[in-house]
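**Student:** Residues per chain, in single letters:
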Amino acid sequence: AQKVTQAQTEISVVEKEDVTLDCVYETRDTTYYLFWYKQPPSGELVFLIRRNSFDEQNEISGRYSWNFQKSTSSFNFTITASQVVDSAVYFCALSESGGGADGLTFGKGTHLIIQP
Amino acid sequence: EAGVTQSPTHLIKTRGQQATLRCSPISGHTSVYWYQQALGLGLQFLLWYDEGEERNRGNFPPRFSGRQFPNYSSELNVNALELEDSALYLCASSLERQGGDTQYFGPGTRLTVL
Chain A
1 AQKVTQAQTE ISVVEKEDVT LDCVYETRDT TYYLFWYKQP PSGELVFLIR RNSFDEQNEI
61 SGRYSWNFQK STSSFNFTIT ASQVVDSAVY FCALSESGGG ADGLTFGKGT HLIIQP
Chain B
117 EAGVTQSPTH LIKTRGQQAT LRCSPISGHT SVYWYQQALG LGLQFLLWYD EGEERNRGNF
177 PPRFSGRQFP NYSSELNVNA LELEDSALYL CASSLERQGG DTQYFGPGTR LTVL
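Residue numbers (the numbering used here), protein chains in the order written: chain A, 1 to 116; chain B, 117 to 230.
For the record, the hints were derived by calculation from the structure and aren't laboratory data. Some clues are possibly wrong.
To be verified - Residues from chain A that face chain B, not an exhaustive set, calculated with beta carbons under 7 Å:
{"hint": "1", "residue": "33"}
{"hint": "2", "residue": "43"}
{"hint": "3", "residue": "44"}
{"hint": "4", "residue": "45"}
{"hint": "5", "residue": "47"}
{"hint": "6", "residue": "50"}
{"hint": "7", "residue": "51"}
{"hint": "8", "residue": "103"}
{"hint": "9", "residue": "106"}
{"hint": "10", "residue": "111"}
Stated by the list, open to error - DSSO-like cross-link-like pairs, simulated, lysine-lysine; straight-line CA separation at most 30 Å:
{"hint": "11", "chain 1": "A", "residue 1": "38", "chain 2": "A", "residue 2": "108"}
{"hint": "12", "chain 1": "B", "residue 1": "129", "chain 2": "A", "residue 2": "38"}
{"hint": "13", "chain 1": "A", "residue 1": "38", "chain 2": "A", "residue 2": "16"}
{"hint": "14", "chain 1": "B", "residue 1": "129", "chain 2": "A", "residue 2": "108"}
{"hint": "15", "chain 1": "A", "residue 1": "70", "chain 2": "A", "residue 2": "3"}
{"hint": "16", "chain 1": "A", "residue 1": "38", "chain 2": "A", "residue 2": "3"}
All C-beta atoms, glycine included, are put in the ideal place defined by N, C-alpha and C.
With the hints as constraints, model all of the structure from the sequences given.
**Tutor:** The structure is reproduced here in structure tokens:
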């Protein structure tokens, strides 16, 4: 069965600091997909990125970057020069191939607090 | 383009009652997923509907049920409500029924059971 672990329950940093959110996953499938979502206090999950298991290239989008390493089963998320608006709960999620049969498996989430 | 919409925003019920939650997917999306986010339990997959059929369900009892209408909107019904059903219920939609297809979420319905 698949599993996603986000060991950091809460992280608090001062604005402009860089911060990395860790995500470790377990799956038996060779084809799978990894996601990051942001959940602000309003509650809606906002999609950030999707990665398939065959694409290990790191990705950068503005201040956000993602490091996917199959060798360590990790998909870490870094925010550079953090801002107060980045404060939210961030979820890492896994989907195995097979028609979306089991929905997404989420980690417990990391609550990120950016202090001004 | 409108995102996933859910109604109502908040719902208050008492134990034993039934709750009905509604979801409209993004236009063109045929798959609808329901998730429960209860305090301390995280986000858990509830149900998946595609083309009007229930395709799979998570580890939830049969009193959690639903349906998908011809216009792909969906309804989640929770019968015989229990206190532990209090949670944020999130609906998501995706373009296709492929594993790994990106799911886009709505704002959720917060259900409180008294």
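**Student:** Are residue 45 (chain A) and chain B close enough, Cβ to Cβ, to be under 7 Å, as the hint says?
**Tutor:** holds, 4 Å
**Student:** Residue 129 (chain B) and residue 38 (chain A) were given as a pair; does the straight-line alpha-carbon distance stay at or below 30 Å?
**Tutor:** holds, 29 Å
**Student:** Would the stated hint for residue 50 (chain A) survive a check requiring a Cβ distance to chain B of less than 7 Å?
**Tutor:** holds, 5 Å
**Student:** Does the CB of residue 33 (chain A) sit less than 7 Å away from some CB of chain B?
**Tutor:** At 3 Å from the nearest chain B Cβ, residue 33 (chain A) passes the 7 Å test, so the hint holds.
**Student:** Holds or violated: are the alpha carbons of residue 70 (chain A) and residue 3 (chain A) at most 30 Å from each other?
**Tutor:** holds, 15 Å
**Student:** Closer than 7 Å between Cβ atoms is the bar; does residue 103 (chain A) clear it against chain B? Give me holds or violated.
**Tutor:** holds, 3 Å
**Student:** Does the interface hint hold: is residue 44 (chain A) within less than 7 Å of chain B, judged Cβ to Cβ?
**Tutor:** holds, 4 Å
**Student:** May I ask you to test the interface hint for residue 106 (chain A) with respect to chain B, counting a Cβ-Cβ separation under 7 Å as satisfied?
**Tutor:** holds, 4 Å
**Student:** Against chain B, run the beta carbon of residue 111 (chain A) and see if the smallest gap drops under 7 Å.
**Tutor:** Result: violated, 12 Å to nearest chain B Cβ.
**Student:** Answer holds if the nearest beta-carbon of chain B is closer than 7 Å to that of residue 51 (chain A); otherwise answer violated.
**Tutor:** violated, 10 Å
**Student:** Mind checking the alpha carbons of residue 38 (chain A) and residue 16 (chain A) for me, to see if they're no more than 30 Å apart?
**Tutor:** Holds, at about 19 Å.
**Student:** Starting from residue 38 (chain A), check that the Cα of residue 108 (chain A) is at most 30 Å away, please.
**Tutor:** holds, 12 Å
Hint check: violations occur at hints 7, 10; the rest are consistent with the structure.
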